[in-house]
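Visitor: Going down the list, the protein sequences come from chains A and B.
Here the first sequence is numbered in the numbering used here, starting from 4 and rising by one per residue.
Here the second sequence is numbered in the numbering used here, starting from 4 and rising by one per residue.
Everything labelled a hint here was simulated from the structure, so no lab data went into it.
Predicted, not measured: the structure shown is a model, and the values here were computed from it.
Don't take every hint at face value.
One copy or two, it doesn't matter: identical chains are merged, so the pair holds either way.
List of simulated lysine-lysine pairs, DSBU-like, C-alpha gap at most 35 Å [what the hints assert, rightly or not]: (1) K220 <-> K197; (2) K220 <-> K157; (3) K157 <-> K133; (4) K157 <-> K197; (5) K133 <-> K197.
There are 2 protein chains.
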Amino acid sequence: MPGYDKYAYEPFAVTVDLAVFTLRAGRLHILLVERGQEPYAGRWALPGGFLEPAESAESAARRELAEETGLSDVAGLHLEQLRTYSEPDRDPRMRVVSVAFAALVPDAPAAQGGGDAARAAWLPYEEGAKGAYGPLAFDHDRILADAHERIGGKLEYTCLATAFCPPEFTLGELRQVYEVVWGTDLDPANFRRKVLATPGFVEQIPGASRLTGGRGKPAALYRAGGAVSLHPPLLRPVPEPAEGNRR
Amino acid sequence: MPGYDKYAYEPFAVTVDLAVFTLRAGRLHILLVERGQEPYAGRWALPGGFLEPAESAESAARRELAEETGLSDVAGLHLEQLRTYSEPDRDPRMRVVSVAFAALVPDAPAAQGGGDAARAAWLPYEEGAKGAYGPLAFDHDRILADAHERIGGKLEYTCLATAFCPPEFTLGELRQVYEVVWGTDLDPANFRRKVLATPGFVEQIPGASRLTGGRGKPAALYRAGGAVSLHPPLLRPVPEPAEGNRR
DNA sequence: CCCTTTAGGGTCAGTGAGACCAATAAGGGA
DNA sequence: TCCCTTATTGGTCTCACTGACCCTAAAGGG
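Turn these sequences into a full structure, and let the hints guide you.
Guide: Structure follows, in structure tokens:
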């Protein structure tokens, strides 16, 4: 670290920003808060906040996650560092470096609304991507897009999908996670074969079954297994017929 | 961002740390600097430095990369944000948040040594992983391990391997990238088939050929193509006979 | 003049995934 | 009550890809 020992450093404000996803009514939702003050007053933004003096970014993110979602058991939720956004002009007032996280919540509790005159809400992700809520505050549109891409990619080669599901779920519900995040349809039979062929992805709960959508044959119930990675991966169907693979 | 508008924030020092990899003499090397001052005086560390007031972490990383490697053309090199390390006690003197990057350099020029009484050197990665250089300063052992894992993983599903190669390279040299980073052997014929079957991974330079290791049939020369991703991926051979897939 | 080494071309079998089809078991409406 | 729809679950078939091989070509070294 050249320069370090001269203490020739500039102080920065460090924040965390959270892209919290959940599944609600068969659609992907994202937790947003409405800003009360300038800049970007009245605009939607990702929840987040400043790092406290003695906590890591991970601790701060989990604390914010608990505050904003109102969830009591926030310890087991999937929370993953995305990347850090540090463009000098990303905040018009001062120099803010923000460590972004992506979080997955199984069932969507009522949104809390943070302390700061901010309204919080679960909003459908797709509407937001189409600009229905207007541009988000700061560079949060970009952070949200990066988070969605990361989650979609991780579904391919990890067992992350169970993090969107309640403790007991059907294979149809698990498949819906993939379909909703990827925005594609999957063959139910092939998906079932793949999931069951992966040791430790899910464990069947003997004898238990439940109706999924109100109609149809009752489905067997499963729990998340202990596996974390998917070998070989479950690749999302490629929408591109040819190109789109250029730098 | 609750709390944000109250300006109730703590100032932090923000640095970048770089894990710069290269291939030299058929082995993976990492760029390290020897610390001149306390703490960790005399210990090896990853190169890095403080963010300047008007630059992003990416800019700072590229600036440090140029300074430490002495490379003139640093614009085309692969530089990728890894993650941010923010444990409160990671620096014994003060609160430092560090944005880590992984960089890939094709040919290894002589190491420069930064401004700060620091000796810089390219050292074999494997010796370091076995502890031959002692523990690195700060949490740099962890950062380096994370960087290696990230690079190894990205070789599977991206065309990143060409970033380790000079502008013109043989398929044997490209294969060696995978073998050295993964620490495994690959079948030359199968590797060749896979690479050539991926459109845009490499482009053959017509008529050109070169001897690879001094012996053997001269190999055709290739340039990096425009493709960035590998579908389907080139999965590394699984060393695990059974488990190791648990949380 | 072999022997070794590397490149480059091919075959062959096994695995896995996509595209199907069919049976089962539930609810809803006529 | 009797279909019709819906969703689960099991099965088959085929093609693509991969790993494990083989062989030959073309270079250098002893």
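Visitor: Determine which of the earlier numbered hints do not hold for this structure and return their numbers in increasing order.
Guide: No numbers; nothing is violated.
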